[in-house]
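Knowing the structure of chain B, use the given hints to seat chain W with the ligand on it.
As a plain string of letters, each chain reads:
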Amino acid sequence: MKFIDEYRDPARARALLDRIRLVARREWTIMEICGGQTHSILRNGIDQLLPPNVHLVHGPGCPVCVTPLETIERALAIAAMPGVILTSFGDMLRVPGNSKDLFMARSEGADVRVVFSPLEALQIARDNPQKEVVFLAVGFETTAPANAMAVRQAAREGLGNFSELVSQVMVPPAMRAILSSPDNRVQGFLAAGHVCAIMGYEEYEPVAAEFSVPIVPAGFEPVDLLDGILKVVEMLEAGRSGVVNAYGRVVSREGNPEARRVMREVFEVADRPWRGIGVIPASGLVLRPEYERFDAEKRFDVGHIAPRESPLCKSGEVLQGHLKPSDCPAFGRECTPQTPLGATMVSSEGACAAYYRYHRSVRS
Amino acid sequence: MCLAIPGKVIEIREENGLKMGTVDISGALTKACLEYVPEIAIGQYTIVHAGFALKIIDEEEAAESLKLWDELIKSGAFDVNDEPTDDR
Ligand code: SF4
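From first to last, the protein sequence lines stand for chains B and W. For the record, in the first sequence the residue sitting at position 164 is 163 according to numbering that gives the first Met the number 0, with numbers rising by one throughout. For the record, in the second sequence the residue sitting at position 82 is 81 according to numbering that gives the first Met the number 0, with numbers rising by one throughout.
Think of the hints as simulated: they come from the structure by calculation, not from any bench. Heads up, some of the hints might be wrong.
Stated by the list, open to error - Incomplete in silico selection of chain B near chain W, CB under 8 Å:
#	residue
1	K1
2	A10
3	L118
4	T141
5	A145
6	A258
7	E316
Just so it is clear, CB atoms sit at the ideal spot from N, CA and C, and this is done for glycine as well.
Bound conformation, chain B alone (with noise of 0.2 Å):
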């Protein structure tokens, strides 16, 4: 398949890491943003593939993890009451609660459905106008503009049966608080390439220049990642901070302007709170006033939510690339993808959960 296969050959591959080998000369840590290049990196062995002196961390961009036991919670809850009908992504439904996830909500009796899209919600909502439709709308800038989009359609429509429950967080905050933070061991950032395909680069611009860090927009097949190590560690070499693309065919400095302006126009910047991190000064987005009646949240009245953390978990530290998953003392014991305790084991694109996988338990 074009635009995949090239960037999966072993030449290539191997060139780019016989120069990262040649160009790191120090110690580098360097933090993978994006949850799909963690799993990327763990299935190809890239990790174990790179001079021991280049060290990467993993980082808060997978959604599943970062999305609040609150908000898994309260859609039960949603989920729970009579003619509602819930719609999210497929890994958001097992992720569990406190007593259950959605997919066993869905086996006592309530109408749970899997969607590949938000516009598939949408048509759930066309075609059950006696049911209220609610999708659950997780992510980053990626999902954003579809989640936008299927909120201002049902406003065009008039749907009044159509509703999200909203969590949806932004890359750029989340940097400059693991950068603040006085046990920062990051030094370099790979951004993940399709979150910049929307929103391009240059809000990275300013990041780069105050914590003085090279920040490299990166694709996610192995050739794509060992170019945006290579660049990464060419600049930290060098003593140059600021933003390099090294996913052009994708990437480009102000992104898609279309999805930022509908995404702008649905949704306003909020506090939010981060799975294990706890909250990031303006680093979410929820529906404008002119669109609250599509919020899930307001339209539903489920009561008081406490949700239980496990005592055990670090997956805060994890997230934050203060420790590796195989650092935490429950890793592979009480916790497990099958008995997850923490944000980063209960998807597959969590950092522990891609750790337990492929069998990343001693090296640290």
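Structure of chain W with the ligand alone, referenced to chain B:
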């Protein structure tokens, strides 16, 4: 959920007032909303995420950067002489 997958647009149509299309992703035909890539044409490649085409892939840029790597590899610029190249 967080994969952004490249695919080729093979059909464009309108549904409920939105520009929609069929995208061939490694042989799997997927429906995608094309509202954010209004200028896209049949035969072009895009990356799809959450049922939306996010960006038209810049084929020229892709070809150029691949060529650049391959030239560097051929010219030996990536060869490491002072270090073993075996896997660790
Ligand atoms: S292994 Fe489990 S308990 Fe430990 S940090 Fe990861 S998710 Fe939390």
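- prompt: Any of the earlier hints contradicted here, and which numbers?
  reply: 7
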